[in-house]
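Start from chain A and add chain B according to the hints.
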Amino acid sequence: MRKLAYVLLTSLFVALVGCVTINVYFPEAAAQKAADQFIGTVLDKAKPAEQGNDDKDQPKPTEKPGRQPSAMLLDLLIPAAYAADTPDVRIQTATTEAIRGRMQQRFQGSLGALFDSGSVGFTKDGLVAVRDASKLPLNQRADVNASVADENRDRSALYREVANANGHPEWEPQIRATFAKGWIERARSGWYYQDPSGAWKQK
Amino acid sequence: MRPTSSHLLFYLCIVFGFAVALPARADIVLEAKVVAVPGVRLQDVQLRIAEDGNGGLQLTLRAARAELPVLGWRRVGLDMQGALSRDPHLRWLFDGGLRLAGAPGGAWSDAKVNLVLDDAANTLQVDINQAKSLASAALPLDQPTHAQISLKGLPAGWLQGLLGTMWSGRATAGRLDAELALDVQEHGVQASGQFGLADLGFDTPSGTLAGQRLNGSGRLNVDTTNGPARIGLDASLRGGELLLGPIYARLPDHPVQLGLDASARNGALEFSRLRVGDADALQLDGSLAFDAKGELQKLKLDRFQASFPAAYQRYGQSWLAAMGLRNARIAGQLSATLDLGGDGLHAFSFDTDGLDVADGDGRLALNGLRGGMDWALRGTRPATALSWRSAQVYRLAHGAAQMSWQSREGNLGLQKAVDVPLLGGRLHVADLDWRPAAAKGRRLSTSLVLTGVDMSAFSRAMGWPEFPGTLGGAIPSLRWVDDRIELEGGLSVSLFDGFVDVTRMSLQDPFGNSPVLAGDLALRQLDLGAMTSVFDIGSITGRMDGSVQNLRLVNWNPVSFDARLLAGSGGKISQRAVNSLVSVGGGGIAAGLQGAMLRLFKTFSYRRIGLNCVLQGTVCRMSGLDSDGDGYTIVEGSGLLRLQVVGHQTQVDWPTLVRRLKAAAEGGGPEVH
Numbered sequence: 001m002r003k004l005a006y007v008l009l010t011s012l013f014v015a016l017v018g019c020v021t022i023n024v025y026f027p028e029a030a031a032q033k034a035a036d037q038f039i040g041t042v043l044d045k046a047k048p049a050e051q052g053n054d055d056k057d058q059p060k061p062t063e064k065p066g067r068q069p070s071a072m073l074l075d076l077l078i079p080a081a082y083a084a085d086t087p088d089v090r091i092q093t094a095t096t097e098a099i100r101g102r103m104q105q106r107f108q109g110s111l112g113a114l115f116d117s118g119s120v121g122f123t124k125d126g127l128v129a130v131r132d133a134s135k136l137p138l139n140q141r142a143d144v145n146a147s148v149a150d151e152n153r154d155r156s157a158l159y160r161e162v163a164n165a166n167g168h169p170e171w172e173p174q175i176r177a178t179f180a181k182g183w184i185e186r187a188r189s190g191w192y193y194q195d196p197s198g199a200w201k202q203k
Numbered sequence: 204m205r206p207t208s209s210h211l212l213f214y215l216c217i218v219f220g221f222a223v224a225l226p227a228r229a230d231i232v233l234e235a236k237v238v239a240v241p242g243v244r245l246q247d248v249q250l251r252i253a254e255d256g257n258g259g260l261q262l263t264l265r266a267a268r269a270e271l272p273v274l275g276w277r278r279v280g281l282d283m284q285g286a287l288s289r290d291p292h293l294r295w296l297f298d299g300g301l302r303l304a305g306a307p308g309g310a311w312s313d314a315k316v317n318l319v320l321d322d323a324a325n326t327l328q329v330d331i332n333q334a335k336s337l338a339s340a341a342l343p344l345d346q347p348t349h350a351q352i353s354l355k356g357l358p359a360g361w362l363q364g365l366l367g368t369m370w371s372g373r374a375t376a377g378r379l380d381a382e383l384a385l386d387v388q389e390h391g392v393q394a395s396g397q398f399g400l401a402d403l404g405f406d407t408p409s410g411t412l413a414g415q416r417l418n419g420s421g422r423l424n425v426d427t428t429n430g431p432a433r434i435g436l437d438a439s440l441r442g443g444e445l446l447l448g449p450i451y452a453r454l455p456d457h458p459v460q461l462g463l464d465a466s467a468r469n470g471a472l473e474f475s476r477l478r479v480g481d482a483d484a485l486q487l488d489g490s491l492a493f494d495a496k497g498e499l500q501k502l503k504l505d506r507f508q509a510s511f512p513a514a515y516q517r518y519g520q521s522w523l524a525a526m527g528l529r530n531a532r533i534a535g536q537l538s539a540t541l542d543l544g545g546d547g548l549h550a551f552s553f554d555t556d557g558l559d560v561a562d563g564d565g566r567l568a569l570n571g572l573r574g575g576m577d578w579a580l581r582g583t584r585p586a587t588a589l590s591w592r593s594a595q596v597y598r599l600a601h602g603a604a605q606m607s608w609q610s611r612e613g614n615l616g617l618q619k620a621v622d623v624p625l626l627g628g629r630l631h632v633a634d635l636d637w638r639p640a641a642a643k644g645r646r647l648s649t650s651l652v653l654t655g656v657d658m659s660a661f662s663r664a665m666g667w668p669e670f671p672g673t674l675g676g677a678i679p680s681l682r683w684v685d686d687r688i689e690l691e692g693g694l695s696v697s698l699f700d701g702f703v704d705v706t707r708m709s710l711q712d713p714f715g716n717s718p719v720l721a722g723d724l725a726l727r728q729l730d731l732g733a734m735t736s737v738f739d740i741g742s743i744t745g746r747m748d749g750s751v752q753n754l755r756l757v758n759w760n761p762v763s764f765d766a767r768l769l770a771g772s773g774g775k776i777s778q779r780a781v782n783s784l785v786s787v788g789g790g791g792i793a794a795g796l797q798g799a800m801l802r803l804f805k806t807f808s809y810r811r812i813g814l815n816c817v818l819q820g821t822v823c824r825m826s827g828l829d830s831d832g833d834g835y836t837i838v839e840g841s842g843l844l845r846l847q848v849v850g851h852q853t854q855v856d857w858p859t860l861v862r863r864l865k866a867a868a869e870g871g872g873p874e875v876h
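From first to last, the protein sequence lines stand for chains A and B. For the first sequence, this note's numbering begins at 1 and goes up steadily by one. For the second sequence, this note's numbering begins at 204 and goes up steadily by one.
Since the hints were made in silico from the structure, they are not lab data. None of the values given here were measured: they were computed from a predicted structure. Careful: at least some of the hints might be erroneous.
[Said to hold, decoys possible] The calculated DSS-like cross-link candidates involving lysine-lysine, where the alpha carbons are at most 25 Å apart (straight line), are:
no. : chain 1 : residue 1 : chain 2 : residue 2
1   : B       : Lys496    : A       : Lys135
2   : A       : Lys201    : B       : Lys496
3   : B       : Lys496    : A       : Lys124
4   : A       : Lys201    : A       : Lys135
5   : B       : Lys496    : A       : Lys203
6   : B       : Lys865    : B       : Lys775
7   : B       : Lys805    : B       : Lys775
8   : A       : Lys33     : A       : Lys124
Next up, chain B with everything else stripped away, as it sits in the complex:
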């Protein structure tokens, strides 16, 4: 049977059926293969009206398959039976039971139903209750597609079918109260009204958008008639948890205002209006979109005001943790705007009048941040000022700095040079260009000049033995390319009366778990006497030159280099220094000729000391001043007692070597037996 144009046929059937049945007072059975009206389709329908033996009527309506596409009901078995009567006002009353089989969420599997059909008032009133839930609908008989619906304590899962018509998500728990005006049309429904939620949970197939134990109340508009389903919501939520992609929010016990206009199409979800108001933590206005996989497609924040640490604890924690920033300590206020598209960042700005930020691992800290930045991919933005009271990168404390920024055509630049105090010296940032939109390629370039940094303070900060000296240098170009920072030019450290020049530096993933620092070192005329005094391993006099090429530190530990050290101008090496070297080797000098010989002299003269080490993986390939098949010379002595140190092992296990060097440097002077 084709769907007829009459909206009323279904109801007329029932009414007509009653009319036929009444005078006869006998069993009436109506059967139909299909009964269909727009929005409802019943298959294998059987309607039976019989006398119940007490002067009343018994009505039974069965349908093997009921289909209500707007509610998402497919192949639902319907079984309704009960007593039919007529009251003094000539209204038809039906009181009985309703069993649905296979309805989404197991809705009304065993419910009581109460119908009142008032011809004179032109209304049909339906009340269905099961356990603690009550659903009532009132609809005019001449326009049964318009209904006033009232829900009390309805399990949210029962509306799964309705939800499923709009969105791939599903309700997992919770109960719903609502007073809605419903209008069923050929291609969907329109509903609007008040609602209340208790312990609501919802989830999506991928699990990236979800909610749990949400309580609240508000106003709702749903429209699925034209194209994608549109939902408008203004609610006040109390407690519960929300997961929106990378953002996990633990809502507070006080009300949080949530306003949104959402539309869903093929699993993708777009919030054209999003408003959150959490009085003491976060206020935002913006829009947001997720694709069908639950990935963030667009995020636009026209207004964002956050008070830390509440905003971090409630909304930001897991998002920042996924970016590698755990257990951050943030305090202060921040207002910001953001425009993030599927293709990257379009604009952002922020402004604060006092913010302290520190990451949990102590790699980065900013104190007393004031001012802001304002960047856009296109056009010129007004200049902004930004300052901090102090900053800390790893253990390097920087002093106060004041900057002025301006964005031009996607380039955020410093308007004038900045001086940052650093360990007794200064870091001078001459110019800086930052391209926040560049996810790959060249993101930032700047030039730096470092002057007069106290080397002993620097070594203290790095946890090294205290090296006296100063650190300075110029980096005419620093570029942040992909995830690597490349430094052109070099730093020069005046150290031990000589110089260490650092060139070709690059730094990768500086705040991650495995930061990589690479560079070349050149050592010029270092005073070995001053150097050995720092390490307390005996003394060697003379000057040392050398180089460490292709140095690569991962997590600040060397993993590869090509080191060549040479003290070529001669000098003295103390017995203790020789002894220290031996104890570094894992033992003392054994008894015998060598021990006896060494103990006789306090110092030895040398002509040259040379040691080369090429570290690759965990193995250091050693060589010395010269080598033959049997070994390589490390110390070439001079004078009467000519000390000659020859190495034989060319492959050395680096971790073991480092362990022993450390023990020797920390363990004070070795004992001579």
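Extracted from the complex, chain A is given alone in its bound form:
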């Protein structure tokens, strides 16, 4: 009987150990902050990625006294990465910067005006959609379809790349959801967005 108890206990222990998985939780607050910053620079026509300001906030690598000459050689070779310590969710890569550039251009171009007129709105899944094209001249409607399609291709790529840049491709849905919330929160008043049921609302 005692033997059986041991066996049971041991197998339970083994089973427990086998069940241990390491969960990496999605850093929601950090993602939100990062998304917010990205969205801000797109919507508010700010300069892309105020990196200069960021650098000031980052601790500079401290100079170590008494280094060998060879060490200094390599220090010259490789610039230090100041952005490494913060934040938990990284959003600036060459890809996302390229996407940001195109998005900014689109918002300053046709898309911003389309949001102002209510023709286009933010969807609940982080994309944009044509809400009501009937106010637009006919020849513009065709262009709107193309702009919206371009914007959405960039948005999907952005969410994918942010997830990948953080080493967690599986975060894509959460990143998308975070961005979706961010776009709607930062929408200017008068702009349209979809509520969770998919109905259009005006901010």
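Then chain B, alone, in the frame of chain A:
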């Protein structure tokens, strides 16, 4: 009051009213709460006939609410007054004004109306004109529901009510001429006849179906009596713009033939017959359906013949732009068929005797395309041949190729292997299966063999420094799954007297703005001497091995990888190479001990060089041959003058590093101070 069965009551009322009024020569007032006949209902009606003081009669007819469901009129205020007289032929004439309030489109808000009632001829003739518009109707008295209608210059918006009974769309502008035979029945109308349009515009609530400045003429049949409204149209259009879902057409100045049979129900619109004939651009026969939201539900083209570039410029531009293909250059002829349902593609075929296609961004180009493809979801289709004179994918030029395709049970496959010349080598496509109907999942699978591709031509095409070598390899299986192309097997590049093996490759969204290329690289025995000579940064001798795992390029720029490079068999590194590395670091060698030491020697011996970099986001985590708390060794020297390079920064900003590497590679040899 219930609607009576008599169709004539309304008219009889009027006629009877006249009859009563005449002998007395006094004011007659008839009032009724409701007067209703099928198709017409008047509320709070007042009919007054009075002497006008000049020996004539003054007739006034007012109704607080007139309702004509077939015309979509609800709560329309009616006010008609004028002189009533009788001519020598004993016809009753009425000449006066008509004011309608609240009619759709503001119709006849201030019109002149002329009525002729001819008892002997059994006709009632009505003419209403306002401004430049004229509407006349002639109807037999014993069958007032049949009318001959003639419209001239009638604002299209005035028919909004009629249109609204069939379709959620509305007319926005334009004028209409028509000669129609109209038959009003209990549940709708039947009309047929000729019509002409001038500057017509129409729109739908969602704005996805619309037209503007359309001119044309043709024949029209409308029937709203049984179930959904049916419209038959054969017209010739001249100029204007049309938006049909994703398709935006700018019609030419010469006539375009348009034939259609449409039916509308609850906002959904179905074209059971659609025929377009634009002589020098496009001819098609087919059918089409949109749902209530204006989304395409069905598209079937039994015949489609297009001449490019006219067809692209007039009809295809915005549709292809929405799919990401902008500023395409297309020339040639194409005939095709298509069967697209709400659940996806059912069949397609195309045939051309010469077509050139290129996208505006220079990502894809096909020249001298000839032949066709024929695919269907079910059954077996006859085999077809397809060839091109040359093709270009990004900057990679492919030579001529000839293929033979056949569709079996939804699978479009190559019947025999194909060889495509590519940069001095060959791309051999052994077999290929394409499932055009699969929107998701496995769409295409093939196996490829690449032999003898000239690496220097390849590097030139990619805009890289010229690497000598050849590229070859086998991809036993290439699969297109969802939006990603996965390559099993691998490519092997013979490069710098060694090999670079590329495995686990995948490519996502290859022709989009953010194409993603992923894979693993293994480097074997690369000659560092040959390698450094290409980059002109000084020389390092020896052999290098290494790997680049989990390489991910987005838009052909690396965003993440795990690179390990090792030159483990020893060799020499020139002073210039060391210097170059330093200048890459953003500066020259400062004065002092290290500068003086380095300038004394032309070359240094090394035992090992090792550098690892794990790129994630914009940060490269560096490491070397070995590491302690203080740093990591990159170059382990040998001999008397032992050069030891130790790195201390483990986190490196990748964009800055790349910028400096580029500047060093392009800027020629660095200067040594």
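Which numbered hints turn out to be false for this structure? none
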